[in-house]
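Novice: Here is how the chains run, residue by residue.
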Amino acid sequence: MASVEFRNVTKTFGSFNAVSDVSFSIGDGEFVCLLGPSGCGKTTSLRMIAGLETPSSGQVLIGGEDVTHYHPKDRQISMVFQDYALYPHMNLADNIAYPLKVRGKSVSDRHGRAKEVADVLKIGHLLDRLPSQISGGQQQRTSLARALVYPSQVYLFDEPLSNLDAKLRLEARGFLNHLQRDMGMTAVYVTHDQAEAMALATRIAVMDQGRIVQYAPPIEIYRRPATTFVANFVGNPPMNLVPVEAMQGDGQLRLAAEGLTLGGLAMSSGIETALGGGKALTLGIRPEHLSIAAPGAVNTISGKLFANENMGPESLVTIERADGSRLTARIFTDEHIALDEDVTLGFGSEHVHLFDGAGVRIAADGEQAL
Amino acid sequence: MKLTLPAFVGRIAFSALAALIGAAFALPLLWFLFAPFNARAELGLAVPDPWTLSNFVTVFGNSFAVQALWNSLIQSVGGVILVGAAATLAAYALSRSSLPGKGAVTYILLLFSSVVSGSAAMVPIFLIVSAAGLIDTHLAVILTFAGGLLPTAMFILRDFIDSIPKSYEESAMVAGASPVQAFFDVALPVIRPGIVVVVVWGFVNIWGSFLIPFILLRSDDQMPASVAIYSFYSEAGTPIVTLLAAYSLIYSLPVIALYLFVSWKFGFRFFGGIKA
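So the protein lines, in turn, are chains X and D.
So the first sequence is residues 1 to 370, counted in the working numbering.
So the second sequence is residues 1 to 276, counted in the working numbering.
No wet-lab data here; the hints were simulated from the structure.
For every residue, glycine included, the Cβ atom is placed at its ideal position computed from N, Cα and C.
Please note that the accuracy of each hint is not assured.
[What the hints assert, rightly or not] Derived lysine to aspartate or glutamate pairs resembling EDC-like cross-links, with alpha carbons at most 16 Å apart:
id	chain 1	residue 1	chain 2	residue 2
1	D	K166	X	E171
2	X	K101	X	D119
3	X	K304	X	E335
4	X	K122	X	D83
5	X	K304	X	E320
6	D	K166	X	D83
[Stated by the list, open to error] Okay, the calculated beta carbon distance ranges per label pair:
id	chain 1	residue 1	chain 2	residue 2	range
7	X	D109	D	A132	49 to 57 Å
8	D	Y107	X	A280	53 to 61 Å
9	D	I74	X	E171	33 to 41 Å
10	D	A39	X	Q133	52 to 60 Å
11	D	A7	X	Q133	39 to 47 Å
12	X	N91	D	F214	19 to 27 Å
13	D	S98	X	D109	51 to 59 Å
14	D	S98	X	L339	30 to 38 Å
15	X	N308	D	R11	37 to 45 Å
16	X	G357	D	S98	41 to 49 Å
17	X	Q133	D	S98	34 to 42 Å
18	X	G112	D	S98	49 to 57 Å
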């Protein structure tokens, strides 16, 4: 196992900046998820660690060694591909053992080791099948087995679960989490599914337009999203964001928006700095921190009922405000909620997130600046 | 389901018409199968009476005709190996590398190839081959065909390779394979059905071609079967139907055999199974 480091890495395709001046490091034994929408540069970053793309500028280090211009075969890495890339003409045993073949191991060694790994992944009975003769979930485990069959410095995953159906995906996700606990492998995992990233990562790098927006442990990303982009990307459903007009009065912060009733908030140096840049702020509240409240109460926001979806353990109540924007609340009850046309949602002031005009989080006093 | 009377009559009429058209196409084929075994075969269709192999005996007694079959085999196999190998490597490079303007290269080659293989190019081809001192050699025929068939072969193969995910070779290289290993272990077996298509197509092209060997070759012992067929014409220019039929049957067998072999071994099917 080894660490991975990016130093000012930029990758351009023609005039398109896929990755712009990205620097970060991944510690030995860390499981890092690169999370972001498609086209954000996460797969390109992963492919630069693998050596399948060469950075336009900057350096990639594995285990402290500059591998920027190394061929993939010289990097001692494993990778699981989104389409699995199983060789259609080889049976599972040969597929899994292929990395050992190119390392010059004997046939009996190869098949012995392939059998060991396959047994762990519960595909040991399928070794003489061709990839086309097994199910999608089994193909996924075969490609995982091929990555695990030899010791690697870094394990790379390129959206390995996105071709599985929902149930298999949960199962595979749990297995990967178990594997990480078991092996303590250094892994870089690309995904656009925030739930996957939250469940697997020791740290998440949220990427947008070729840059890392926030690089922090999952709970930090969830509790203190650095920007409105992160707030909107992580969480299911994502954080509700309400544009508000801010004023200062009686040493407190007053926020005004259509349908919003909010008591004064304590001022902080961060808020004062933000107000210097303009009065337009963004208020963020996670759906799970909203509840049904009495009309006109303090710390509420109201609108017309838009949707009321019962999910089993919870209900998703969506309201539409006068300007057409919507807010969703997760109400934790397995009862059906009867609602009038006008709905008021309440929240605790401790759950309020504030973002400045540029969408950057306003840190509370004492909160570590991000 | 019950048919209405007009629909019923319509179906009968359609079937009858189809049978008639089918028969029109089947007749030459039947002649082709019957005539070689008929010692008194003429241009009319007749069931051999008695069935005999005497036509074949005469054909195999003609050393020029037998040598010509061998020559056809040399030229076709030689040409196909050259086209198959060169087209595979070229198409792979064109598909996988990031050369600027590689698409234009393929299309321009394709355009030129249709000029090269046409009869308009016969004079320059003859002059080039002559200047190279290759007139009246198998190599002349092989090289000319390779040049003519390569662009199309490359085009077909490049299209085929483009449709194969790059992740096959990428996963091999990440697993520790060199680009050459990745090509031979992973890419080549996956491309093979495409190569087989090109090889069969090239073989049929060279095997059946008359003009190029007729112009580039002089001596009898170099001529392929497509040219040798004309030895079964009398001096007056009328075909000796019995021998011509027998020779034609022998001449068409290798192509049929190749098709059956490929169909049995490769099935003209491509590997699938990737859910995109």
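Novice: Work down the list of hints and note, for each, if the structure agrees.
Specialist: Verification of the supplied hints:
{"no.": "1", "hint": "K166(D) to E171(X)", "result": "violated, 28 Å"}
{"no.": "2", "hint": "K101(X) to D119(X)", "result": "violated, 19 Å"}
{"no.": "3", "hint": "K304(X) to E335(X)", "result": "violated, 21 Å"}
{"no.": "4", "hint": "K122(X) to D83(X)", "result": "violated, 20 Å"}
{"no.": "5", "hint": "K304(X) to E320(X)", "result": "holds, 5 Å"}
{"no.": "6", "hint": "K166(D) to D83(X)", "result": "holds, 10 Å"}
{"no.": "7", "hint": "D109(X) to A132(D): 49 to 57 Å", "result": "holds, 53 Å"}
{"no.": "8", "hint": "Y107(D) to A280(X): 53 to 61 Å", "result": "holds, 55 Å"}
{"no.": "9", "hint": "I74(D) to E171(X): 33 to 41 Å", "result": "violated, 60 Å"}
{"no.": "10", "hint": "A39(D) to Q133(X): 52 to 60 Å", "result": "holds, 55 Å"}
{"no.": "11", "hint": "A7(D) to Q133(X): 39 to 47 Å", "result": "holds, 45 Å"}
{"no.": "12", "hint": "N91(X) to F214(D): 19 to 27 Å", "result": "violated, 50 Å"}
{"no.": "13", "hint": "S98(D) to D109(X): 51 to 59 Å", "result": "violated, 37 Å"}
{"no.": "14", "hint": "S98(D) to L339(X): 30 to 38 Å", "result": "violated, 58 Å"}
{"no.": "15", "hint": "N308(X) to R11(D): 37 to 45 Å", "result": "violated, 59 Å"}
{"no.": "16", "hint": "G357(X) to S98(D): 41 to 49 Å", "result": "holds, 42 Å"}
{"no.": "17", "hint": "Q133(X) to S98(D): 34 to 42 Å", "result": "holds, 35 Å"}
{"no.": "18", "hint": "G112(X) to S98(D): 49 to 57 Å", "result": "violated, 40 Å"}
Checked against the numbered hints above, the structure breaks hints 1, 2, 3, 4, 9, 12, 13, 14, 15 and 18 and satisfies the rest.
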